[in-house]
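Participant: Fit chain B with the ligands to the supplied structure of chain A, relying on the hints for placement.
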Amino acid sequence: MKSTVFWGALATIFAAGLALTGVVQNEYYYNALYLILQGTLMAVAWNVLGGFTGYVNFGSAGFFALGAYTTVALNKALGLPLPLLILVAGVVGGLVGVGLGYLTLRLKGVYFAIATLAMSIVIETLVVNWSYVGGAKGSYMLTPDTHLWFDSYIQMLFVVMLLLTLAAVAISRMLNSSRLGRGLSAIRDDEVAAECAGVPTLRLKLVSTSVMGAMMGVAGAPFPYFVTFVDPLSAFNLFIAVNAIAMPMIGGTAHWIGPVIGALLLGTTQEIVKVTISSEMNVLIVGVMLVAFITLAPQGIVGLARKLRRGRPK
Amino acid sequence: MSAELLRVTNVGKSFGGFVALDRVSLRVRAGERLGLIGPNGSGKTTLINCISGALYNDVGEIHFEGRDITRLPPYVRARAGIARSFQIPKPFRSLTVLENLQVPLEYAARGRAGARRATDEALEMLELVGLRERAHEDSAGLTQVDMRKLELARAMAAKPRLLISDEAMAGLSSTEVDEVLGILRRLNDAGITVVMIEHIMYAVMRFSERVICLDAGQIICEGTPESIVQDAGVQRAYLGA
Ligand SMILES: Nc1ncnc2c1ncn2[C@@H]1O[C@H](COP(=O)(O)OP(=O)(O)OP(=O)(O)O)[C@@H](O)[C@H]1O
Ligand SMILES: [Mg+2]
Chain A
1 MKSTVFWGAL
11 ATIFAAGLAL
21 TGVVQNEYYY
31 NALYLILQGT
41 LMAVAWNVLG
51 GFTGYVNFGS
61 AGFFALGAYT
71 TVALNKALGL
81 PLPLLILVAG
91 VVGGLVGVGL
101 GYLTLRLKGV
111 YFAIATLAMS
121 IVIETLVVNW
131 SYVGGAKGSY
141 MLTPDTHLWF
151 DSYIQMLFVV
161 MLLLTLAAVA
171 ISRMLNSSRL
181 GRGLSAIRDD
191 EVAAECAGVP
201 TLRLKLVSTS
211 VMGAMMGVAG
221 APFPYFVTFV
231 DPLSAFNLFI
241 AVNAIAMPMI
251 GGTAHWIGPV
261 IGALLLGTTQ
271 EIVKVTISSE
281 MNVLIVGVML
291 VAFITLAPQG
301 IVGLARKLRR
311 GRPK
Chain B
1 MSAELLRVTN
11 VGKSFGGFVA
21 LDRVSLRVRA
31 GERLGLIGPN
41 GSGKTTLINC
51 ISGALYNDVG
61 EIHFEGRDIT
71 RLPPYVRARA
81 GIARSFQIPK
91 PFRSLTVLEN
101 LQVPLEYAAR
111 GRAGARRATD
121 EALEMLELVG
131 LRERAHEDSA
141 GLTQVDMRKL
151 ELARAMAAKP
161 RLLISDEAMA
171 GLSSTEVDEV
181 LGILRRLNDA
191 GITVVMIEHI
201 MYAVMRFSER
211 VICLDAGQII
221 CEGTPESIVQ
231 DAGVQRAYLG
241 A
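Note that the protein sequences, when read in sequence, are chains A and B.
Residues in the first sequence are numbered consecutively from 1, following my numbering.
Residues in the second sequence are numbered consecutively from 1, following my numbering.
Bound-form chain A, shown alone (with noise of 0.2 Å):
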């Protein structure tokens, strides 16, 4: 995608939302997009490290409950405002991927995939027994009064969660295009091949690590403000990791249009799932899609719409 088309595209969007909030009120509305974006924000985020580099990633719930509980803490010691919170949710999001860096020196393939759902246990466990921000009973969140020009301040959310998806998308997108991902695709392919290629693996990996942590901690610190009671059950939701996996596996992880196609999909059908059968359907959705796409596109749809296109008689 060129350039200009691309950004272009961004800005429309974020002017569609904006302009969204002066024509529809229903809040419904903005939770469903809220969470959708959430997904999306997620999905890009993993496929940073889970597709690009090929390191696989189950943890993806402790990253974003690492930002949720940065808001939670901060906003209870300090009461900062949210782009600040969000700021350092990215930072300790961020930080915390260094550390997982360093583990992929020792750590590849399944015992790396392991040891990130390792990582998030033992964040979830700091969690439950930490009682300044609720321990295993959780907290809840005032909602602010002030939500700018907005009607309300799930609308403002859904503003702010936008504008960090799109940030995010275009993150990837710069980082899925150009020397360093090339990189990164090299380390995925082979490591050693890689380096005596001249690729710096170890900190293309530590970029790599980071990006994804800094942008889970981002997705995961509005999230008190979005449900105003936070506790581990919901912010180390199995379904967020899983959602994680499985939207960049559906739309594709080798393109960064992959994990934002599977998301949008995902994510529309399992909102429109909630409130058409129930909530515990999606689990399911979720799964048989998953499954689906596994066996009969394992290069997802972007990689469903490669072979299609080049299969064309010319």
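What you were told as hints is all true, and nothing was included just to trick you.
Calculated Cβ distances over 10 Å to all of chain A for the following chain B residues: (1) Glu124; (2) Val177; (3) Tyr202.
Calculated pairs, SDA-like style, for lysine to any residue (alpha carbon to alpha carbon, straight line, at most 20 Å): (4) Lys307(A) <-> Arg93(B); (5) Lys108(A) <-> Ala54(B); (6) Lys159(B) <-> Leu181(B); (7) Lys76(A) <-> Ser139(A).
Keep in mind that the hints were calculated from the coordinates and are not lab data.
For glycine and all other residues, C-beta sits at the position ideal for the given N, C-alpha and C.
Facilitator: Structure of chain B with the ligands alone, referenced to chain A:
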């Protein structure tokens, strides 16, 4: 006598209890064409792995252009000018043939060029090894022979001072062997030092100025191609005579 480019001193490497390299020492002059031979499992690839940093040697030192590189990570050595091909091809499977060359061009080659230049140079190198037509195909779909050619092209794309080719010619037809010999010869004429590991004797004899023979992790003989074939030890160990 031109300057020394590579010095390997008492390098040893074991896997578990198995000694793959037993205190190997050798020197390579700048601009030299060196052949490295030895029977299967004699430690040729292991030696290359230690020189390129894919493996770290247990004992001994390696100097490149006078600098101790023994503990440096592979990417630093690649940037310093050491490039190698892999005996068992390791293409970047999700990248196209062209992109496979862009990686070393962008990361290892000195005086990094712009993206446009990198593409042009990559295409030139593919032309040399006869993969120009396949530039935009996925490298995973190449035949084994083409993957070998890609290995060589990718090593060339690092614009090395020292190029080590690990059995780049296995499986090639005799015309193709001559082509690859021609390419290596031209690189050498352009000032690149070449170490060639090869089982195809004809290629080693025609190409090398000097030949080193490894057996069971030790250098058993070193000399001109003519003297090597005369050597009794080499005949016993390598030629099976
Ligand atoms: N990573 C490794 N782990 C364990 N053993 C190894 C490893 N790499 C090599 N070896 C062993 O070391 C010995 C030397 O292997 P090497 O690959 O260096 O031989 P070679 O001279 O390149 O042989 P060939 O001509 O077959 O390529 C072999 O016995 C091999 O099995
Ligand atoms: Mg070998």
